[in-house]
Amino acid sequence: MTDVSSSTSLRTHRCGDLRVADVGSTVTVCGWVAKRREHGEHLAFVDLRDHTGLIQCVVPGSVDVRSEYVVSVTGVVRLRPEGTENSDLATGAVEVGECAVEILNIAEPPPFPVDDRGDVDEVIRLRHRFVDLRRPRMQANLRLRAKVNSALRSAMDRQGFVEVETPLLWAPTPEGAREFAVPSRLSRGSCYVLPQSPQLAKQLLMVGGVDRYYQIARCLRDEDLRADRQFEFTQLDIEASFVTQEDVLSFVTEAVLDAAEAATGERPAGVARMTWAEAIDRYGSDKPDIRFGMELIDLSGVFAGTEVKAFASPCVKAIVVEGGASLSRSRLDAHTERAKSLGAKGLAWFRVTANETDGGLALDSPLDRFLSDDERAGLLATTKATSGDLVLVVADEHRLACSVLGQLRLDIGGRPVSEGPYRYLWVVDFPMFDGVDDHGHPVAAHHPFTMPNPEDLDLLETDPASVRSQAYDLVLNGWELGSGSVRIHRSDIQSRVFAALGISDEEAAARFGFLLGAFRFGAPPHAGFAVGIDRLVAIFAGEDSIREVIAFPKTQSGSDPMTGAPKPLEPGQLAALGLQPVPQKLD
RNA sequence: GGACCUGUGGUGCAGUUUGGAGUGCACGCCGGCCUGUCAAGCCGGAGGUCGCGGGUUCAAAUCCCGUCAGGUCCGCCA
1 MTDVSSSTSL
11 RTHRCGDLRV
21 ADVGSTVTVC
31 GWVAKRREHG
41 EHLAFVDLRD
51 HTGLIQCVVP
61 GSVDVRSEYV
71 VSVTGVVRLR
81 PEGTENSDLA
91 TGAVEVGECA
101 VEILNIAEPP
111 PFPVDDRGDV
121 DEVIRLRHRF
131 VDLRRPRMQA
141 NLRLRAKVNS
151 ALRSAMDRQG
161 FVEVETPLLW
171 APTPEGAREF
181 AVPSRLSRGS
191 CYVLPQSPQL
201 AKQLLMVGGV
211 DRYYQIARCL
221 RDEDLRADRQ
231 FEFTQLDIEA
241 SFVTQEDVLS
251 FVTEAVLDAA
261 EAATGERPAG
271 VARMTWAEAI
281 DRYGSDKPDI
291 RFGMELIDLS
301 GVFAGTEVKA
311 FASPCVKAIV
321 VEGGASLSRS
331 RLDAHTERAK
341 SLGAKGLAWF
351 RVTANETDGG
361 LALDSPLDRF
371 LSDDERAGLL
381 ATTKATSGDL
391 VLVVADEHRL
401 ACSVLGQLRL
411 DIGGRPVSEG
421 PYRYLWVVDF
431 PMFDGVDDHG
441 HPVAAHHPFT
451 MPNPEDLDLL
461 ETDPASVRSQ
471 AYDLVLNGWE
481 LGSGSVRIHR
491 SDIQSRVFAA
501 LGISDEEAAA
511 RFGFLLGAFR
521 FGAPPHAGFA
531 VGIDRLVAIF
541 AGEDSIREVI
551 AFPKTQSGSD
561 PMTGAPKPLE
571 PGQLAALGLQ
581 PVPQKLD
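Take the first sequence: its letters are residues 1 to 587, numbered as in my numbering.
No wet-lab data here; the hints were simulated from the structure. Quick reminder that beta carbons are idealized off the backbone N, C-alpha and C, glycines included. Don't take each hint at face value.
Unchecked claim - Cross-link-like lysine to any residue pairs, in silico, SDA-like; alpha carbons within 25 Å at most:
| no. | residue 1 | residue 2 |
| --- | --- | --- |
| 1 | 384 | 335 |
| 2 | 287 | 448 |
| 3 | 345 | 305 |
| 4 | 345 | 335 |
| 5 | 147 | 418 |
| 6 | 340 | 330 |
| 7 | 309 | 407 |
| 8 | 554 | 227 |
| 9 | 384 | 400 |
| 10 | 309 | 293 |
| 11 | 554 | 480 |
| 12 | 309 | 372 |
| 13 | 384 | 360 |
| 14 | 309 | 370 |
| 15 | 384 | 298 |
| 16 | 345 | 418 |
| 17 | 287 | 325 |
| 18 | 309 | 287 |
| 19 | 147 | 423 |
| 20 | 340 | 293 |
| 21 | 287 | 276 |
| 22 | 340 | 360 |
| 23 | 384 | 370 |
| 24 | 287 | 445 |
| 25 | 35 | 106 |
| 26 | 287 | 480 |
To be verified - Between beta-carbon pairs, the in silico distance windows are:
| no. | residue 1 | residue 2 | range |
| --- | --- | --- | --- |
| 27 | 172 | 567 | 21 to 27 Å |
| 28 | 522 | 411 | 48 to 54 Å |
| 29 | 171 | 86 | 55 to 61 Å |
| 30 | 117 | 45 | 17 to 23 Å |
| 31 | 522 | 434 | 50 to 56 Å |
| 32 | 209 | 567 | 26 to 32 Å |
| 33 | 366 | 150 | 54 to 60 Å |
| 34 | 567 | 298 | 51 to 57 Å |
| 35 | 343 | 209 | 16 to 22 Å |
| 36 | 434 | 88 | 50 to 56 Å |
| 37 | 341 | 570 | 41 to 47 Å |
Work out the full structure, taking the sequences as your base and the hints as a guide.
Quick look at the structure:
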């Protein structure tokens, strides 16, 4: 493989590129000493590593290099002697012989092994991230990420999108995620905020006639961190004019499938689709992992009018754990505790066993003696559970019963997100509102600029909870990869939505005045989406944490073990910004 | 704000349940030997605030309380 970047003024080849075809060539390779093996004063091996891999260099004498020394090695590529080939190395058929070694820089012993064998404590890796990044795993992850970015850009370019950069210093728009504030030096006491996303900016670009915008955009949210969440993350941000939801789904599908193909070498067959209501009902989640079954089963009919107090609820749902009858009582208790911590009043379990006398099925459960014969038969028939299975039942309000069982389904049957196969899913028809705030007003499920489903417009004033929106999520293996919506471009509809949200005209003007003002000057119909690139790359890389695909991530408490951030500012810096620390409250 | 898990030479672990000398394993590191190794091999050596603080005890890596750091999760993430 030829590559214009492989040779430089200091090297002729990259370590991992040397092959039998190079035999006879005099080469110079540069890199880090991965290993030195001395065999007395007449022979030494130096394994040299760069980002492409390892090459064995043979030195006719002893050589005073240590692990991670930076060296330049010049020698002649030759076949390895018969029987000494190393099939574990891509370069294992050859070696660089008669080597002269020039030390470019010495190095202290690394704080941990610079290879992919074994795990190292993450805080130690992060403290020495510059060493960690030399490991093949991290090199592969960074390069995979670049490849995904490139595929996404190319897909958007091809589809007529134009890349536009938007400000990092934006105005506070209190709504949704907590924002990072940046104090202004020139305007003391005032702050910019770092964008949670370029949401408003990209809508303004639509008003500005950009037509199709995209950006690989950094987003910042001051919320608690998780395996799939960092303060800073990166989205493929998209907005387009004169489009419908279907157009957006098509744009994003194209980009994501291109990225998948670039990353994995295989183009996914497509993206499944499901309504939000179906996702909740069948999987108890708005981001269902559809790699496995164990779907929620509705037993409300079976227990309608039941005498069993625990099941006297609007909704009775169940999951079947195949072979789960062998779970110990302590495991079942743990699941019950988990269900309670998720808000359920309790968890009923039924072990399904073979009835020894007639060969039929029997239930083993503390609740069994309270069940009528019809309920017992109905439970078995509806769940299709068989001998050796375990049936877990939650009775509650519909949403709660679904979400609790959905979580138990993942606890019991879930697999790491990065484990194949990749199952992409569009979740569509999200509700417009989700829950109510302290004042009893509905809360926007997506954001307040989301267009309601036209069929449900007239429910805005009468039954807001049942209004569907034109909002949609992309889900992969149970992770939310991104979300988007058709936006409201007409002020009459926007006013009705603000009214439903309990946002007054004055409040709306104060928060989003610049956007609403802009919309008076000719806002086209528009819609958009944003894909979480960290999550996408992590899954492609086989990683279960996005930290593994970010060069310099933060810990769960938001610190950086390498730089020590966050740190107090010098008094002078504080003064220049007009800031004064407030002493910590003592409890 | 909350739940759970983890913290032992540079690295990864065992030891903690049932208190008894910083005991052990692998890697790395330092020195010596070694002409075909590749997780090289052989010989020798150095390296410890058992995260930190307090308590119980004749005695604490081990039990108790607190605290710090890291992780997973709930809340939070329009």
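> Are there hints from earlier that the structure breaks, and if so, what are their numbers?
Replying inline: 10, 16, 17, 18, 22, 31, 32 and 35
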